[in-house]
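Given these sequences and hints, build the entire structure.
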Amino acid sequence: MNMATARKRRISNVLFFSACLAVCVAVARSFTTQAFRREQLVLVPRSSEDACVGTAEGRLNSFFGDIGHSCDDPQRQRPCQTRLSSIAIPTLMDATLVERCDRGCLFHVIISEAGGKPVNKVAISAFLRAFIVTQPQTSTIYIWSLPWDNILIPDITEDCLLENLSMKLRDGSWRRRIKVRRFERADLGTLNLLKMRTYQLLGNEFRLLRSMIRLSDFLRFQLLQKHGGIYVDSDVLLLRDLTPLCNSTFTYQWSDKDAENSAVFGCPKKCRFVNDYIRCAGTAPLSYHPLKWRRVGRQCIHRWPVRLPTMVFDPVWLKQIGSDLYDPAEYLFTKHEDFVKAGANHTQVGSRALVFPASLGYHWHGGFASIPGMPEPDSFFQRLHNLACV
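Residue numbers (this note's numbering): 2 to 391.
Just so you know, these hints were derived from the structure itself, not from any lab. Any given hint could turn out to be false.
Below, a list of computed lysine-lysine pairs in the DSSO-like style, where the Cα atoms sit at most 30 Å apart [to be verified]: (1) Lys-336 with Lys-271; (2) Lys-342 with Lys-258; (3) Lys-180 with Lys-196; (4) Lys-169 with Lys-227; (5) Lys-196 with Lys-169; (6) Lys-258 with Lys-270; (7) Lys-180 with Lys-169; (8) Lys-180 with Lys-258; (9) Lys-320 with Lys-258; (10) Lys-122 with Lys-342; (11) Lys-196 with Lys-118; (12) Lys-258 with Lys-271; (13) Lys-342 with Lys-293.
Here you go:
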């Protein structure tokens, strides 16, 4: 069979699929409104949900108040780093938790094989190990994937020494804290599903991956509206317990722009911001890119989420883009690509928190694809991954 014949057959298959999908549009629409009426992801009964949210918002506002204006200037981040590491973060970690409200937090992440390749085992192990060791054993993370994905959870203790293994990683109990769920086709929307299936049949992995990235901006809103908790991108390495922020509504700043970043996005179930934004933006994925939030939501959002400083979750980003020049923070490396390189800095690291003393997590950008299958042993990625064993 020559290439022209093969291409004609492929196009014929796409057209046939499109026709079949069009016939099912009415049925798909009927399921769309039911898409998130599935298993309830509830950790414990709440005696007073509003009171829990109020307490959490109080902790968030206190944290934001402790930071003050120290992080306002993207060219002078030393005061920001000092304030966060010496006052704001220690105070947040010592904040009083309410037992009936703070027994655990739901986390959500979207992981897919949409690019056509199996999920990077090293990267997903690092992401999950960091979650397990930093969050309390009552917290659970849900991995959401596409209907046709087959996400497998690796043994995240595989390269750890048993004699020094963290109690949270022993006896395999950590597996109960990781749940894998597939989105249903109705969750994705008929048009989005058609596009992704078309790209899949045509073998256009780049377009398929781009469609999934855009769609994830929309799906994280849907997940938080239905279940609440904290959404995190899969290339965010958690460094500290986020329980004090659970049940509050927050994002963090997009580098030096007047915009939100939803790589870490907290919101209690059916919070007002998410409800209002979905009502305003509809179901078009492009309307959910964080750089468009302010324009899309200007008519219907009256109270925006607390926007934490960039350094809280993205401590290298400002330096990466050329900011933080005049009174810079201290950095062990200044480019995201150096995260996986040996020799970027030979400073001895005895604690994961010491690498980023002013941060709750590190967003390394680039997704799993930016992590090599065998990271260099002396890289900060590998050193942090090893430290998460103990």
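Here's how the hints hold up against the structure:
1. Of the pairs offered as hints, the one joining Lys-336 and Lys-271 is violated, with about 37 Å between alpha carbons and a cut-off of 30 Å exceeded.
2. Distance hint between Lys-342 and Lys-258 is fulfilled; the C-alpha atoms sit about 28 Å from each other, no more than 30 Å.
3. With a C-alpha separation of about 28 Å, the suggested pair Lys-180 and Lys-196 falls inside the 30 Å cut-off, and the hint holds.
4. Of the supplied pair hints, the one linking Lys-169 and Lys-227 holds, its CA atoms being roughly 29 Å apart against a limit of 30 Å.
5. Between Lys-196 and Lys-169 the alpha-carbon distance is near 42 Å, which puts this suggested pair outside the 30 Å criterion.
6. A distance of roughly 28 Å separates the Cα atoms of Lys-258 and Lys-270; the hinted pair therefore holds under the 30 Å criterion.
7. As the CA atoms of Lys-180 and Lys-169 are separated by approximately 16 Å, the hinted pair is consistent with the 30 Å bound.
8. Proposed proximity of Lys-180 and Lys-258 is contradicted: the alpha carbons are some 35 Å apart, above 30 Å.
9. Restraint check for Lys-320 and Lys-258: satisfied, since their Cα atoms lie roughly 14 Å apart, inside the 30 Å limit.
10. At most 30 Å may separate the alpha-carbon atoms for a hinted pair to count; Lys-122 and Lys-342 meet this at roughly 18 Å.
11. Distance hint between Lys-196 and Lys-118 is fulfilled; the C-alpha atoms sit about 19 Å from each other, no more than 30 Å.
12. For the suggested pair Lys-258 and Lys-271, the alpha carbons sit about 27 Å apart, so the restraint of at most 30 Å is met.
13. Distance restraint check for Lys-342 and Lys-293: the Cα-Cα separation of roughly 34 Å exceeds the 30 Å cut-off, and the hinted pair is therefore not satisfied.
Hint compliance for this structure: hints 1, 5, 8, 13 are broken, all remaining hints hold.
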